[in-house]
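Chemist: Top line first, the protein sequences correspond to chains A and B. If you use my numbering, the first sequence closes out at 291, no skipped numbers anywhere. If you use my numbering, the second sequence closes out at 261, no skipped numbers anywhere.
One thing to keep in mind: the hints can contain errors.
Derived pair list, reagent style BS3-like, types lysine-lysine, alpha-carbon separation capped at 30 Å [as the list claims (entries may be wrong)]:
hint, chain 1, residue 1, chain 2, residue 2
1, A, K286, B, K177
2, B, K134, A, K35
3, A, K23, B, K58
4, A, K35, B, K140
5, B, K177, A, K23
Hint data in this document are derived by calculation from the structure and do not stem from the laboratory. Values in this document were obtained by computation on a predicted structure and should not be read as measured data.
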Amino acid sequence: MSQWIDAAELNAPQLALEAKLIKVGTRANLFTYLKEVWQRRAFAFTFASFQIQAATARSTLGLAWVVVVPALQILIYGLIFGFVLGSNKPDNYLPYLFIGVAFFQLLSNAITDGSTAITGNQALVNSLDFPRGLLPLAVVISNLIESLPVMILTLIGVAFLGQSVTASWLLLIPVLLLMVVFGAGLTLFSARLAVFLPDFKYLLPFISRVLFYVSGIFWSITKLTGSNHLLQLVLWNNPFHLYINLARSLTISGYETHPTDWLIASVWSVATFFAGMIFFWLAEEKYGRNV
Amino acid sequence: MSKKFIAGAVRTDPQRSPAVIVDNVHIKYRVFSSGKKVTDTNTRVRNKGKLREVYAIKGVSLIAYEGDSIGIIGGNGAGKSTLMKAISGVLTLDAGSIYARSRPAFLGVGAAMIRDLSGEKNIILGGLALGFTKAEIKAKFAKIVEFSGLKDFIDLPMATYSSGMVERLKFSIAASKEHDILIIDEALAVGDQDFRSRSEARMRELASGAGVVFLVSHSMKSILDTCNRVIWLDKGEVRMDGDAREVCAAYAESTGSPLND
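For reference, chain A alone in the conformation it holds in the complex (with noise of 0.2 Å):
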């Protein structure tokens, strides 16, 4: 039976405990977070397989642009750079280059497909509810299979260029999954980035050539920082250049990494991942409907 009481007497607080309701607005604790995309994980890998397939059914060449586009850069950057830098440039340098460029294509890819994780799906976002930390991680995983046909045709590529093809090439498997574990990182700051930041799409073109220019990739941090031994250290422990140099020192003869390499790599991966992690899910209830 109903009745009516006074708006000013309703005790809402009172009632919503006495009744165990929750404030509705507040995101889940970052543990129930994390156990609610684990247990969806499906989705991630599922969505990513469908998206390369449409991918691959939209343009012409489909996938072979994966292919093509890095073999153009190193094509470029091969003809113009070795001119320029003359004597300065790396040793061995076309497979330099090539592991340069393809290891690099990986990361800076998460930065830009990260940018539409959300705002690229966000008819899916406002229609069902799910964790969005999925669409994120599902950009992860179909970066990291349409990369697969470039890492090998470099790795062929080097190999051709007469670098000798040893059991330490083994070692790339963990280099390509600290990678993906920091672009993991990564794509989750840019998917909440360009939800919030309209004008964020405008800057990534410039970020990703100003990390291009910063990591080594086509140049040599040791032969040109020189005896400037600070600058060195930064450039050095950047981690796109720790990743992309610990690939080299693998596959390259004549490079080496420090003996701490391999520990900042792997500090720069977790803590990036979980860095982003949390601030993307710091505005998880805000990506629904953009009002």
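Use these hints to put chain B onto chain A, whose structure you have.
Modeler: Relative to chain A, chain B alone:
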């Protein structure tokens, strides 16, 4: 049974347990007279004179009990969608608070889920997003397709669907799950009569399982067929709250249109 509506009062029922409590909620939109949204970057100071604050919701209080299916009616701009979005938790409130037993699921009108993919793949992805396993989706798949009535189109990309077909598929996916609190904002208005009666039956089923359904609609027939209670919003305030037939009749009288449209 239900007593006449009293302005400024809240309908309560001590016998039943509440599932959603909306407590004196105010929501305003800040807009420039140019229509541009206010953000931190284009500050109020710079555009002082041109800033307007529009109240979409002005002090709404209501309690939804388990098993309630509540129709929300009112003219355009009455605040229906704003209130529903607030209950689903995506809007920031300017005053007041909203409590719910579980996180409400919101189904609104909108674009296709993933345009480039077939209806079939959208069902799989939607199911996974809702937390079903692949095996569960496989088991539910035929039922979802049958419910949507899109058997002949299920392998076509959603980009080729009409808006009615999109809404049908979206509702069919969402309705395959047992929602505790489901909010439907005009999402069924585009479906045809046949689909509408099927979805109304499903909504009644959800509410009778001690859930709560909110239905925003301009169709009095849909509301009367589905809801046991109706709230009439007018200019951001509750104008009337009570038995479905009674409130719909009063609303129809005020708009001058007959109830049986």
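Chemist: Sort out which numbered hints this structure fails and list those numbers smallest first.
Modeler: Failing hints: none at all.
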